Structure formats: C-alpha cells, structure tokens
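Protein chains in written order, with the numbering used here: chain Y, 1 to 300; chain X, 301 to 765.
One or more hints might be untrue.
What the hints assert, rightly or not - Residues on chain Y that point at chain X, a partial pick, calculated with CB under 7 Å:
hint : residue
1    : Asn23
2    : Gly25
3    : Tyr134
4    : Gln137
5    : Ile139
6    : Gln160
7    : Arg161
8    : Asn242
9    : Leu249
10   : Lys264
11   : Ala265
12   : Met270
Unchecked claim - Pairwise CB distance ranges (calculated):
hint : chain 1 : residue 1 : chain 2 : residue 2 : range
13   : X       : Asp647    : Y       : Ile45     : 40 to 46 Å
14   : X       : Arg548    : Y       : Glu77     : 23 to 29 Å
15   : X       : Gln350    : Y       : Leu106    : 53 to 59 Å
16   : X       : Pro369    : Y       : Phe173    : 56 to 62 Å
Think of the hints as simulated: they come from the structure by calculation, not from any bench.
Bear in mind that the values here come from a model prediction, so they are computed numbers and not experimental data.
Cβ atoms here follow ideal geometry from the backbone N, Cα and C, with glycine treated the same way.
Spelled out from the first residue to the last, the chains are:
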Amino acid sequence: MHFKKKSYAFVRRSQVLEKRERNLGWFLVLPSIVIISALIIYPIIYNLLLSFFDVRMAGGNLFTGFRNYLDIIGDHEFWRSVWTSLIYVFFTTIGTTLVGLVVALLMNREFPFRGLVRSLILLPYVAPVIAVVYSWQFIFDPVNGIFMHISYDKLHLFSQRINLVRSPETSIFVAVLFGVWKNFPFSYLMILSGLQSIDKGLYEAAEIDGCSKWEKFRYITFPEIYFLMGSIILLRAIWNFNKFEEVYLLTQNVKVLPVYTYLKAFTGIMDIGHGAAIAVIQFVLLIGFILVYVKRVLKW
Amino acid sequence: MKKSFLVVLITLLLLSTAVFVSAGGQQGEKGGASVSKGPVQLEFWTRETQSDRMATIQMLIDTYTAMNPDVSIKLVPVDENDMALNMRAAVAAGKIPSIIEIDAEIAVALGTEGILDTEAADIMLNKVGKDRFFKGSLRLFESKDKGVYYAVPYHGMIQGIWYRADWFEKAGLEPPTTWEAVAKAAEYFNNPQKNTYGILVGTMETESYDEQCFTPIAMSNNAGLFDKDGNLIFNSPEMKEALEYYARLAKTSPPGPQTWRARDYYLQGKMAMFFYSTYIMDDLAILEVAKGSLTSDNFKDLKGAEFDPDLVKNTKVVTTISHKKDAGFGAVVSMAVPKQSDPAVRDAALDFLTYLYSPNAYITFLHMAVGGMMPVIEGVADTDRFLNDPKGVYSRYGKEKIMEIVDGLNNIESFGLVEGNRIEAASVIYSKKIIPQMIYKVTQEGMDVDDAMNWAESAMKELIK
Chain Y
1 MHFKKKSYAF VRRSQVLEKR ERNLGWFLVL PSIVIISALI IYPIIYNLLL SFFDVRMAGG
61 NLFTGFRNYL DIIGDHEFWR SVWTSLIYVF FTTIGTTLVG LVVALLMNRE FPFRGLVRSL
121 ILLPYVAPVI AVVYSWQFIF DPVNGIFMHI SYDKLHLFSQ RINLVRSPET SIFVAVLFGV
181 WKNFPFSYLM ILSGLQSIDK GLYEAAEIDG CSKWEKFRYI TFPEIYFLMG SIILLRAIWN
241 FNKFEEVYLL TQNVKVLPVY TYLKAFTGIM DIGHGAAIAV IQFVLLIGFI LVYVKRVLKW
Chain X
301 MKKSFLVVLI TLLLLSTAVF VSAGGQQGEK GGASVSKGPV QLEFWTRETQ SDRMATIQML
361 IDTYTAMNPD VSIKLVPVDE NDMALNMRAA VAAGKIPSII EIDAEIAVAL GTEGILDTEA
421 ADIMLNKVGK DRFFKGSLRL FESKDKGVYY AVPYHGMIQG IWYRADWFEK AGLEPPTTWE
481 AVAKAAEYFN NPQKNTYGIL VGTMETESYD EQCFTPIAMS NNAGLFDKDG NLIFNSPEMK
541 EALEYYARLA KTSPPGPQTW RARDYYLQGK MAMFFYSTYI MDDLAILEVA KGSLTSDNFK
601 DLKGAEFDPD LVKNTKVVTT ISHKKDAGFG AVVSMAVPKQ SDPAVRDAAL DFLTYLYSPN
661 AYITFLHMAV GGMMPVIEGV ADTDRFLNDP KGVYSRYGKE KIMEIVDGLN NIESFGLVEG
721 NRIEAASVIY SKKIIPQMIY KVTQEGMDVD DAMNWAESAM KELIK
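Construct the entire structure; sequences and hints are all you get.
Here it is as structure tokens:
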C-alpha cells in the first residue's frame with residue numbers, strides 16, 4: 001500500500017516536471033517563433049491578403065476577389081515572362097553548376113600559387129553588381145565597345161553591328177552569360193569543398209583495380225558529390241528564379257518574372273494588388289518545383 | 301502537443317499582426333495629425349541627383365538655415381523616373397516630404413490624386429507675382445479647374461534637334477526643320493558600315509525620353525491622345541503616320557534600343573542629329589565638360605574618341621519641327637508642396653520657397669545646369685547676372701539666342717493640354733510609359749504598327765477606365 005502511494009506521488013511529480021520542462025521549452029523557442037511570425041509569416045499572409053484587393057495608396061482598399069489573379073493569368077505578357085524565366089533559370093543553373101564543377105576539378109589538383117588562383121576565381125561573385133554591369137555594358141556597346149570592335153571591325157564575324165545587351169533577340173543570352181559568369185564561383189566553392197572531403201583511399205583502390213580517369217569520376221567523384229550538387233542546383237534555381245538586380249540593371253528588356261512584376265506593379269502608378277498576386281503565383285510555381293525536385297533528385 | 305503548438309502559433313500570429321497594424325496606424329497618424337513644436341524639420345526632394353548640383357542646393361539650404369535657425373532642411377535626391385513612385389510610397393507610409401521638385405506631368409498626376417496642396421501653390425504664385433510667370437509654362441500646371449494650379453513653375457528646358465551644320469552644308473541639305481528634311485538627312489548620313497548614324501531618337505521601353513522625342517512629331521501631324529473633351533482619340537490615321545515616320549527615323553539610330561545617353565556618339569562625331577534638351581549647351585560649349593561626359597574615355601584607341609573643339613561652332617539647333625503644323629517640346633520643372641497637416645511645416649516650406657525665388661538664390665540654382673535650367677519668370681534671362689554664368693556658356697551663344705530659347709518656353713506642346721483644356725488622364729499614360737512601350741514594340745520587336753497601336757489603345761483604356 002505504502003509502495004503504491006509512493007509510486008503515485010512519483011508519477012505525479014514526474015508529470016509536473018514534464019509539464020514544467022515543456023513550458024520551459026516553449027519559453028526558449030518563443031523568441032524564434034515571434035521573430036519568424038513577424039518577419040516571415042506575417043508578410044506572407046499580408047501579401048496573400050493584398051492579392052485579393054485593389055490597393056489604393058490613399059487608403060480604402062477594395063475587395064475584388066480573384067480579379068487580380070484572373071488579370072494576371074489572362075495577360076499574355078505574364079506567360080511570356082514565365083517562359084523567359086524558365087529559359088533564364090535553366091541555362092544559368094546548368095551553366096553555373098557545370099562551369100563550377102569543371103573549375104573545381106581543376107583547382108583540386110596540385111599546382112604552384114594554387115591558393116592565390118583559388119581566391120581570384122571568387123572575384124566575379126564578390127564584385128558589386130552595379131560595377132560589373134556597367135563594365136559589361138561598355139564591353140558590348142554597339143558603337144564604341146571592344147567586343148564589336150574585335151568581332152565586327154577586325155574579325156568580321158557579324159554582318160552588322162549589334163546591340164547585344166539591349167536587343168530583344170540577343171539580350172537573354174547576354175543575361176544568361178552574365179549570370180553564369182557572376183555566380184559560378186559559388187558552385188565552384190561548394191563543389192571544391194565536397195571534393196576535398198572524398199576519401200583518397202577510394203581513388204587508390206580504383207587505381208589498383210585499373211580504373212580510367214573517367215571511371216574514377218563516374219563511380220567515385222560523381223556519387224560522392226551527387227547530393228551536394230543536387231542542393232547547389234536547387235539553391236541556384238531558387239535564387240535565379242527570384243533574381244532581379246542582375247537582369248534588370250544589365251538589360252532591362254529581359255522580362256523574367258521579377259522584372260515583369262516590377263514593370264507591372266511599380267512603374268509610374270503602383271499596382272500593389274497585382275504585384276501581390278504575381279508574388280503569390282511565383283511562390284506557388286517555385287514551391288511546386290521544389291517539391292518535385294526534392295522528391296525526384298534529392299530523394300528525400 | 302500538436303494542438304497546443306498550433307494554438308500558440310496562431311495566437312502569436314494574430315498578436316504580431318495586431319502589433320504591425322497598430323504600428324502602421326500610428327505611423328499614419330504621425331504623418332497626419334501631429335503639430336510640431338520648436339524647430340521645424342523640412343524634407344526637400346530634388347530631382348538633381350548629381351553630386352555637384354546637390355552641393356549647390358545644399359549651399360542654398362545652408363544659407364537659408366543660417367538665417368532661419370529654427371528650420372532644418374534635409375535634402376533628398378530622387379531620380380526623376382522614380383519620383384512618382386517614391387511619392388506615392390511616401391504618402392502610403394505617411395512620411396510626406398515638405399517640398400518636391402517635379403515636372404509638369406508628375407505634378408498633374410499627383411495633383412489629380414489630391415496629394416498636392418493647391419492652396420500653397422496659389423500663395424506662392426501670388427508671392428512671386430502671377431503675372432511674372434511665362435503663361436506657356438504656368439498653364440502646364442493648371443488643373444481642370446481654371447485658375448487652380450498644382451505647383452509653381454521653377455525652371456524649364458526646350459528640346460530640339462541639334463545637328464552638324466557643317467555636314468549639312470557640305471552635303472547641300474536643308475536644316476532639319478520639316479519631316480522631309482529630317483528624314484532625308486537622317487538617311488543620307490546613316491552609314492552603319494562606317495559606324496556613323498543619322499539621328500538619335502528614343503526607343504527604350506522604360507524611358508520617358510521616347511515620349512519626349514515622339515511628342516513634337518505627333519503634335520506636328522495633329523495627332524493627339526485626347527480631344528478637348530477628354531475622349532481618347534489616340535488610334536487615328538495621323539497617329540499611325542507619326543509612328544511610322546518615327547520608326548523610319550529609328551532605323552537610322554545606333555543599333556538596338558537607345559536612350560539619351562547615346563548623345564555621346566554625337567559628341568564623338570558619329571552621328572548627324574539628335575533630339576536633346578538645352579541641357580546639352582554646356583557639354584557642347586566647354587571642352588572640359590564635354591570630355592568629362594564622354595564614355596569613350598575608356599577606349600582611347602578607337603576612332604572618334606578625340607573631342608572636336610569646333611563642335612559648338614558646327615552645331616545648330618532647331619526647336620520646332622513642322623509638318624501639318626509647327627510643334628515644339630519642352631519641359632518645365634516646378635516646386636510643389638504636398639498636403640501637410642502640420643501648418644508649421646507648410647509655412648516653413650513656403651518661406652523657404654520664397655527664398656528660392658529671390659534673385660540671387662534663383663540664379664544660383666539655375667546656373668547649376670547651364671542651358672538646361674532656363675528661368676520661367678520674367679526679368680531674369682535678360683539680366684547680366686544670369687547671362688554671366690560661371691562657365692561662360694551663355695556668352696558664347698549670345699543674349700539674342702538665349703532670349704529666343706527662353707521664348708520657346710511659351711510654345712511647349714503637351715498631350716495633356718488640348719485647346720487650353722487640361723486632360724489629366726494624359727499624365728497617367730505618361731507615367732505608365734505606354735508610348736515608350738509602343739515605340740519599343742514597333743522599332744525593336746518588329747511588331748506591326750497597327751497591332752502596336754491597338755495594344756497601346758487598349759492599355760490606355762485600361763488605365764483611364
């Protein structure tokens with residue numbers, strides 16, 4: 001009897017303790033929850049809310065239901081910009097990853113001044129966007145630029161001078177090229193660190209088995225960095241899907257989704273309702289992509 | 301466990317929303333109702349974003365605040381293309397500037413939305429003397445209601461076609477005063493093989509410059525956006541003719557979408573004509589200034605990088621283009637006082653503006669951009685004080701030429717003014733850059749002229765409905 005009483009008290013005490021511990025836990029995560037709610041969840045919900053309104057700057061928003069969404073989905077320019085975005089994201093992501101991989105493989109070998117070269121490669125990534133954008137515009141200027149001077153005046157590669165950066169037919173290529181050049185160092189840095197963590201013993205064993213260089217890459221290097229590269233591709237795709245400044249500052253007429261949003265919602269008269277609706281659509285598209293990608297490629 | 305987590309999350313969410321909403325509300329009230337005591341703080345938004353111009357304005361501010369120690373003035377540079385957007389954002393946030401320097405289209409657009417203080421403008425006009433303002437520039441700021449003005453004109457510029465008179469003479473061509481003369485010369489001098497071009501017209505979809513070039517061409521063909529009763533008459537045979545003509549000129553522009561920055565090609569001797577405002581006067585007149593604005597400094601090996609000291613002598617300007625009638629284009633920039641709830645701020649703003657209109661301050665301000673900033677009140681342009689600018693530019697052109705240019709301010713045409721009636725919807729179309737987008741579609745994307753005009757018409761209808 002006495003024993004039973006004691007065990008009952010013990011259980012109760014442990015329940016109290018558990019409850020206290022749980023409360024302490026909540027107390028400790030409270031600041032994070034508050035911050036995340038205020039800085040992430042609140043803006044998302046507020047944006048969602050705005051997308052159902054005709055927003056008026058002077059106050060008195062008008063509820064319009066799905067009108068903003070229907071406007072956007074019915075806009076031919078919107079679908080054109082989705083297409084442009086897909087092209088931009090696809091080629092820049094593939095480009096940055098492949099160039100990053102090749103450079104990382106090269107930099108993983110021993111050679112003099114390796115440290116210096118390794119850090120110099122980071123230059124495009126760390127240089128301020130606005131400065132390099134202007135340099136690129138000077139280089140590709142159709143009348144005075146060095147590129148046209150060499151390719152048209154000297155090498156006669158083109159039949160006429162072309163404004164590569166600004167012409168609607170060519171600007172997307174320049175934007176992709178710029179995106180790859182500017183951002184490959186990030187992929188390179190990540191892949192290089194992945195390469196350095198591969199066990200050297202694997203390569204030695206492969207050598208004993210008589211593997212070629214390609215086989216070593218195919219059966220050791222690639223599987224070892226597969227998930228790393230998968231994550232890099234995912235990150236780059238997300239970043240470039242939302243990329244505004246590099247594209248807009250360089251060309252202005254490559255209308256990827258963020259540029260379309262800016263022109264639609266913020267030129268001249270602000271149209272916050274439409275802007276919010278585009279942001280929601282963009283968010284849904286991106287989440288859809290991430291879900292499929294994570295399941296198929298990263299195999300979570 | 302899951303349930304309690306959800307409850308906490310939702311409570312926090314609601315809490316944070318409530319906090320934000322109330323904070324937003326308070327902010328709005330702050331901009332709205334409080335009456336300041338003690339020193340008054342003004343915020344002056346200027347479109348002169350260049351550092352040397354800002355330094356001059358800061359000097360004027362320092363002089364004023366030295367005389368009025370209980371007023372402090374914060375100078376904020378805002379790019380002219382972003383002015384309307386930033387202003388609306390400021391109103392939404394309840395942080396309204398005290399004085400803004402804006403052009404007529406933006407003034408009308410903001411004024412129509414009820415953001416500007418027309419009473420303050422009236423007080424200012426009377427202080428300076430309504431009769432002293434050039435009528436042509438004053439009417440640009442008039443609202444639908446006669447005698448009510450959205451802002452007070454401060455300085456103006458005239459746009460014209462600047463051309464190489466020596467090339468024209470050598471080729472035996474007429475000065476570019478008519479549609480035929482301009483097109484003929486543009487096609488004659490356009491030689492992309494030799495990297496020389498006919499005429500620069502704006503073709504970039506995001507730049508107001510396109511509309512500034514296009515307006516006089518459309519106007520000279522009697523093509524407007526609205527009739528005097530405010531009905532949209534944009535899609536007319538006259539407008540189509542003007543757009544086709546513009547596209548023809550654009551074929552002789554340097555490759556790809558271009559904007560005013562391409563004037564450098566003219567300074568390098570690679571272009572025969574360009575649409576530009578009187579702002580170019582000092583670039584042309586002063587060797588050092590022109591050198592400073594040449595982007596080709598980076599490419600010294602390339603031909604044409606050397607500056608031609610005879611350029612000013614060989615450059616002439618026509619300020620009107622004629623076809624069915626004469627039309628000119630210019631822009632007048634004003635000082636506007638947004639509506640304030642704090643009378644102290646408004647009074648201080650008006651007092652500072654009064655100082656800016658005093659002869660010394662006014663001329664100091666105008667001399668910041670010699671050529672680009674012409675006086676819009678009588679009794680300034682013909683004074684020695686004005687004509688003796690620090691760089692000696694006006695003396696090179698002579699008093700007569702300067703007076704002729706200043707007189708041009710009376711003949712400015714605008715899509716928003718039809719037979720004396722203010723059509724406010726034109727400002728909305730201007731600020732949404734419909735015409736630049738239409739021009740871009742035709743000249744760069746190769747869209748059919750009719751299709752582009754139909755597109756523009758439906759975009760305009762959407763905006764003004």
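Does the hinted range 56 to 62 Å hold for proline 369(X) and phenylalanine 173(Y) at CB?
holds (59 Å)
Tell me if isoleucine 139(Y) is really an interface residue toward chain X, meaning its C-beta lies closer than 7 Å to one of theirs.
Violated: closest Cβ of chain X sits about 10 Å from isoleucine 139(Y), beyond 7 Å.
Per the CB criterion, is arginine 161(Y) less than 7 Å away from chain X?
holds (5 Å)
Taking the Cβ atom of glutamine 350(X) and the Cβ atom of leucine 106(Y), is their distance within the range 53 to 59 Å?
For glutamine 350(X) and leucine 106(Y) the Cβ distance comes to about 46 Å; the hint is violated.
Interface hint outcome for alanine 265(Y) [beta carbon to chain X under 7 Å]:
violated (10 Å)
Answer holds if the nearest beta-carbon of chain X is closer than 7 Å to that of glutamine 160(Y); otherwise answer violated.
It holds, given that the least Cβ distance between glutamine 160(Y) and chain X is near 6 Å, below 7 Å.
Hint asparagine 23(Y) vs chain X: min CB-CB distance below 7 Å?
violated (10 Å)
Quick check on glutamine 137(Y) please, does its C-beta sit within 7 Å of some C-beta on chain X?
violated (9 Å)
Min Cβ distance, glycine 25(Y) to chain X: is it shorter than 7 Å?
violated (10 Å)
Let's test the interface hint: is any C-beta of chain X closer than 7 Å to that of methionine 270(Y)?
With a minimum Cβ separation of about 5 Å from chain X (threshold 7 Å), the hint on methionine 270(Y) holds.
Proposed interface contact between lysine 264(Y) and chain X, which counts if any beta carbon pair is under 7 Å
violated (10 Å)
Do the beta carbons of aspartate 647(X) and isoleucine 45(Y) sit within 40 to 46 Å of each other?
At roughly 43 Å between Cβ atoms, isoleucine 45(Y) and aspartate 647(X) fall inside 40 to 46 Å, so the hint holds.
This entry does not satisfy hints 1, 2, 3, 4, 5, 8, 9, 10, 11, 15, going by the numbered hints stated previously.
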